[in-house]
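Engineer: These are the residues of each chain, in order.
There are 2 protein chains.
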Amino acid sequence: MSSNKNQSGKPAGDSPPPKAVISRLSLYLRELQHLVRDGRLTTSSSGLGQRLGFSDAQVRKDLAYFGQFGHPGIGYRCEELIPVIRGILGTDRGWPVAMIGAGNLGRALLGYKGFARQGFRITAVFDIDPTTVGRTIEGVPVHHFDDLERVIAAEQIKIAMIVVPAAAAQGVADRLVAAGIEGILNFAPVTIALPEHVSTVGVDLAIELEQLTFSVVKKRGG
Amino acid sequence: MSSNKNQSGKPAGDSPPPKAVISRLSLYLRELQHLVRDGRLTTSSSGLGQRLGFSDAQVRKDLAYFGQFGHPGIGYRCEELIPVIRGILGTDRGWPVAMIGAGNLGRALLGYKGFARQGFRITAVFDIDPTTVGRTIEGVPVHHFDDLERVIAAEQIKIAMIVVPAAAAQGVADRLVAAGIEGILNFAPVTIALPEHVSTVGVDLAIELEQLTFSVVKKRGG
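If you're matching them up, the sequences are chains A and B in order.
For the first sequence, this note's numbering assigns the number 3 to the initial residue and increments by one for each residue that follows.
For the second sequence, this note's numbering assigns the number 3 to the initial residue and increments by one for each residue that follows.
Everything labelled a hint here was simulated from the structure, so no lab data went into it.
Heads up, some of the hints might be wrong.
Heads up, the list lumps identical chains together, so a pair's fine if it works in one copy or across two of them.
Taking lysine-lysine pairs in the PhoX-like style, the calculated list, with each CA pair at most 20 Å apart, reads [stated by the list, open to error]:
id, residue 1, residue 2
1, 221, 160
2, 63, 160
3, 21, 115
4, 115, 220
5, 160, 220
6, 63, 115
7, 115, 221
8, 21, 63
9, 221, 63
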């Protein structure tokens, strides 16, 4: 069923890992990448959780879903754990990504360094604005939306970002699904309906701000 | 990232709700806002969870952390539950927000409609680029970073977004803390160190893409 690509052995339980575990995996991966950049070779559950605010028990429990990765007396080898987590997350392969919408946010995302660092390369942008189509932004060609199916097939793109106004999002999503896209990152502030076999993650930047104000109010004691 | 102790805890008067519950509250709030826009007066736990992919038991358990909001035979009254959740999240009051960095991403965020809709108003932008300082972007004045303390005090700003390159982020954060900021939304791809009384949420857009590829790979069957 949900066979995660684990390297050694099975998950601790038979139930699939909760979504929260998967999002913490991303955080562990960042932390390991920072450690490597700082010249560190190994770390521990508490070392991995510390800066992120997670207990060592939490880190151990999360990783135990996928196997046994620690070494007695050593802990985790950073360079060993990084590809394991990337394998679980599916970012051990390169993902060409299509972006629909070359407005302000789209342009900002094209310049966002964090994507390439994790294996994502935006290789095609689509828009309908005649002043933008045919140009190149941050080295990426802007195609007309009419060419969506052709370009996506030619470049074997399976992942797309929707960065269009809310009213246009569902129509764009339908075209993407018909073109064979399997995963959609949706920046439009609207929920899109998709067939079962297509994955979607919605990005709502105000949610992060709400999480922040919750924490601020809590610390004030109110 | 603030401390995250209790991931699988149950509703109990004394233990604070896990972070995952707080982020689901934001999603429930959006769903309620959509329902009201569609003219719906009431909903149920299953109605609230359905489009979000959560079970009715999950919704009930999450809300039970904060009180009893359903009405027998009616369910939840949307217009009643919305201010309750906003009160919990702290967005029942208006939050003026400072933005540091007026590059591409900063400009995109200034045009992002989702913030104002949830009670956040970016009222001051700071930069050091002489071609930008003194201008107005999306109706918001761009101040010189040298004026940070003065403007933040005058406008009683407690929340700030860092939208500067990674190398500058910690220095900006230190200045913000000294200026009395209580919460920082950090878009720079780096972890910033802050005193205990200041909250921070890091936005890493690649994490959302990783969550997406995990789901895509899982649906492919490995």
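Engineer: Against the structure, test the hints numbered earlier, and report the numbers of the ones violated in rising order.
Structural biologist: Hints 2, 3, 4, 6, 7 and 9 contradicted; others consistent.
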